[in-house]
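K.L.:
Single-letter residue listing:
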Amino acid sequence: MPRVVDVRVPQDLWPRRADWRGKVVAVHATPGSRVSEGDPLAEVEIEKAVLVLESPVSGVVVEVSVTVGDEVGPGDVVARIEVPG
Amino acid sequence: MDAKARIKVRLTPGFARVKGTLLKHGIATVCEEALCPNIGECWGSGTATFMLMGDVCTRGCRFCYVRKGRPAPLDPSEPLRVARAARELGLRYVTLTSVTRDDLPDGGASHFAATVKALKREIPGVVVEALIPDFRGSLEALRIVVDSGVDVLAHNIETVRRLTPLVRDPRASYERSLWVLREAKRLRPRLVTKSSILVGLGETMEEVVEAMMDLREAGVDILVISQYLRPSRRQAPVARYYSMDDFKRLEREGYRLGFAYVLAHPMARTSYKAWEAYQAAVRALSNAG
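So the protein lines, in turn, are chains G and Y.
Here the first sequence stands for residues 556 to 640, where the numbers follow the working numbering.
Here the second sequence stands for residues 4 to 292, where the numbers follow the working numbering.
Calculated from the structure, these hints are not laboratory results.
Here's a subset of chain Y near chain G, in silico, CB distances under 10 angstroms, partners left out:
1) Ile10
2) Val12
3) Cys34
4) Glu35
5) Leu38
6) Pro40
7) Arg236
Because the structure is a prediction, the values reported are computed rather than measured.
Just so it is clear, CB atoms sit at the ideal spot from N, CA and C, and this is done for glycine as well.
Assemble the whole structure, with the sequences as input and the hints as a guide.
P.N.:
The structure is reproduced here in structure tokens:
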């Protein structure tokens, strides 16, 4: 059975500070495309750096939930990826 | 460097292990409180910089992301919790820092000292660095930390003389920071001392060199120079991103001035490469007799 994995802006990066926000500055994932574990899906700019969000799994992108310019924070879904079962 | 650093945020098993240990022992880190972009790399390799005495600072420096306000009372169990967490993580070099606690009679000096001692008890042979506040210029407080058995005493000058009133909390001063470093060295000449300058806040290169000379005159052994990165819109903007060539020039200048170890890099922070810096400083102090 294939399963769908939600890829989120990490909540763990600064575990005690979940109050940060960032802006999506690039989206690499497109619906229907195949991605491998470690492929960059999107980039989020905070004041200090650009965070490259990588795919935690290999599979097919079924949905991209953000567009360039969106404001996001820890826990927000960036994309959904179907992983073959 | 004119573009922001790109950091990968795929979290590794090493990162999860550090996170789990800190959570279990209820310990704050400056890695988190300052949104440090190096966190993935440092936690991933099994190390972290502990932040003592809570996560609320009594001062409001304009470059810093740590929460400001009225801190909670000290937790007397913290020194032992930190020591146990450090042991569990297998650390041989531990960096401690803290929020500034102007509300405490000794500024938290005894708490620092208790943590250093707990670490030394729990982890035989451990090297401990304390990155301390200025204790409002109290020699008694400073002496408590210096006499605790700490191996490296760090206090950050943060910026050049001219920008200090604009960038740091009004209770901090350039002269007082130099005093902390000078007095620590006077109290214990073999103690390794260290200080950091954040560049990119609007200073000139000449002013940076002047600050370096002042630090050297205060007997500082280890110098760290790094790029200021704005944590959020609430902090001071970045006036300039220094190039790698600028950092190399400052590094050369630092060695020319006689520092035992100079770390000048955009992403360097006080605790970065701390073990290597410590060894170089110890060698230099031994050679000096």
